[in-house]
Every structure is written in structure tokens, then in C-alpha cells.
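Numbering (the working numbering), first residue to last: 1 to 206.
Treat the hints as calculated values from the structure; they're not laboratory data. Cβ atoms here follow ideal geometry from the backbone N, Cα and C, with glycine treated the same way. A portion of the hints provided could be inaccurate.
Said to hold, decoys possible - Derived CB-CB ranges, DEER-like:
| hint | residue 1 | residue 2 | range |
| --- | --- | --- | --- |
| 1 | Asn139 | Trp94 | 33 to 43 Å |
| 2 | Ile141 | Asn51 | 24 to 34 Å |
| 3 | Asn139 | Asp72 | 41 to 51 Å |
| 4 | Thr44 | Asp72 | 31 to 41 Å |
| 5 | Glu35 | Glu110 | 28 to 38 Å |
| 6 | Asp144 | Pro53 | 53 to 63 Å |
To be verified - Heads up, simulated EDC-like pairs for lysine to aspartate or glutamate below, C-alpha to C-alpha not over 16 Å straight-line:
| hint | residue 1 | residue 2 |
| --- | --- | --- |
| 7 | Lys48 | Glu146 |
| 8 | Lys169 | Asp93 |
| 9 | Lys157 | Glu110 |
| 10 | Lys158 | Glu201 |
| 11 | Lys158 | Asp116 |
| 12 | Lys157 | Glu206 |
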Amino acid sequence: MLLGSVCAAAGEDQTARSSSVVNATTPASSGAIRELRGDTMGTTYMVKIYNPPEFESDVAIEVDAELRSVNDQMSTYLKSSEISRFNDSDSTDWFDVSLETAEVVSAALEIAEATDGAFDVTVGPLVNAWSFGPDPKTNEIPSDTEITSLRESVGYKKLAVRIDPPALKKSVPELKVDLSSIAKGHGVDRVVELLARLGAESVFVE
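Given only the sequences and the hints, what does the whole structure look like? Please build it.
Here's what the structure looks like:
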């Protein structure tokens with residue numbers, strides 16, 4: 001059984017690297033449980049591997065590296081991430097990204113279409129205006145004029161994605177993508193898939 005859940009604190013600095021990993025094996029009534037804990041994406045993670053196999057590599061390091069990769073690709077708090085570089089670009093040409101980032105954006109656009117825009121990862125400028133994003137925090141409430149102006153650069157239909165070769169494209173230079181609402185769940189999926197490849201059959205990832 002492979003299970004994953006996501007629990008994150010909104011608005012926290014996601015530049016924090018996975019660190020201080022706790023790696024322990026404890027007995028359980030139905031078998032051993034190996035537990036991994038660490039920091040990632042401005043929050044913490046916990047992995048429980050039930051009846052863990054004999055891994056050929058250091059599974060704690062591999063889990064940490066997998067989550068670090070997600071952060072390097074999709075964090076808006078990391079200026080060098082793919083999404084941050086796409087957001088900072090004024091180009092309306094195709095912008096090369098990893099396959100993982102393209103697939104997450106593709107899923108986000110499918111959800112946006114299905115919800116008629118209720119879910120929209122292009123709300124980055126508005127998120128920042130309300131001090132929930134990576135921009136410096138302020139105690140000021142954005143004015144109606146500012147909100148109206150920012151909404152000109154918001155809208156999932158202004159964002160395009162290509163899978164082969166993987167790339168993103170914006171129709172307005174000011175468009176910014178914020179994957180905070182979907183990237184952590186993607187990270188959980190990545191860890192579950194990693195552990196399955198390494199031979200784990202029953203895991204919980206949070």
C-alpha cells in the first residue's frame with residue numbers, strides 16, 4: 001500500500017533546504033517501521049516505510065534529494081528555480097523547463113479548465129500583492145486600482161504548456177505562475193514513486 005498526503009503552512013519561506021533528516025527504525029505490532037523526517041519547501045516532511053526492504057542505497061538521502069529537486073524546479077521562493085526564472089522573464093516565447101514542471105503545469109491547467117478558473121496558478125501577482133508570496137511582506141492592503149491592474153496579467157488562458165519538448169509560454173510579459181497549491185502534492189507523489197522503485201511496498205508520505 002502506497003499512501004501520500006500533503007500538509008503545508010502557507011506563506012512560509014520555501015528556500016529552506018531539506019535538512020536535519022531524522023532516520024530511525026522502530027518496531028510495530030505488524031512489523032518494523034522506518035521513519036524519515038526533514039525540512040522542505042518551507043514546511044516539514046515525514047515518511048514511514050512499513051516492513052522496509054534492504055535498500056541498496058541510502059534512502060534518506062534519496063528522499064531528501066527528490067524533494068530538493070521539486071523545490072529547485074517549482075519554488076517561487078528560490079530565485080534560481082525554473083518557475084522563478086520563467087516568472088522573471090519578459091519573453092512571450094517558449095521557455096524551456098523540465099518535464100516534471102511541464103507536467104505539473106499541464107495538470108494545473110486541466111484543473112483550471114475543469115473549474116472554470118476557480119483554480120488558477122497564474123494568480124501569483126495577486127498572491128504577492130496580499131503578502132502571501134515571495135515578495136517582501138507589507139502591512140498595506142492593495143487598492144482596488146492596484147488589484148484591477150494586476151488582474152490584467154492573471155488568467156490561466158494566458159499560460160500555455162508544451163510537453164515535448166517541455167516548455168512554458170506566457171501571452172503577457174507580466175504573467176507569473178505560483179505552483180504552491182499543487183507542487184507539494186507533486187512532491188509527495190515523487191517520493192512515493194521513488195520508494196516504490198527502490199522496493200518499498202507499503203509507505204506513508206506526508
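Any hints this thing doesn't respect? Which numbers, in order? 2, 3, 4, 7, 10, 12
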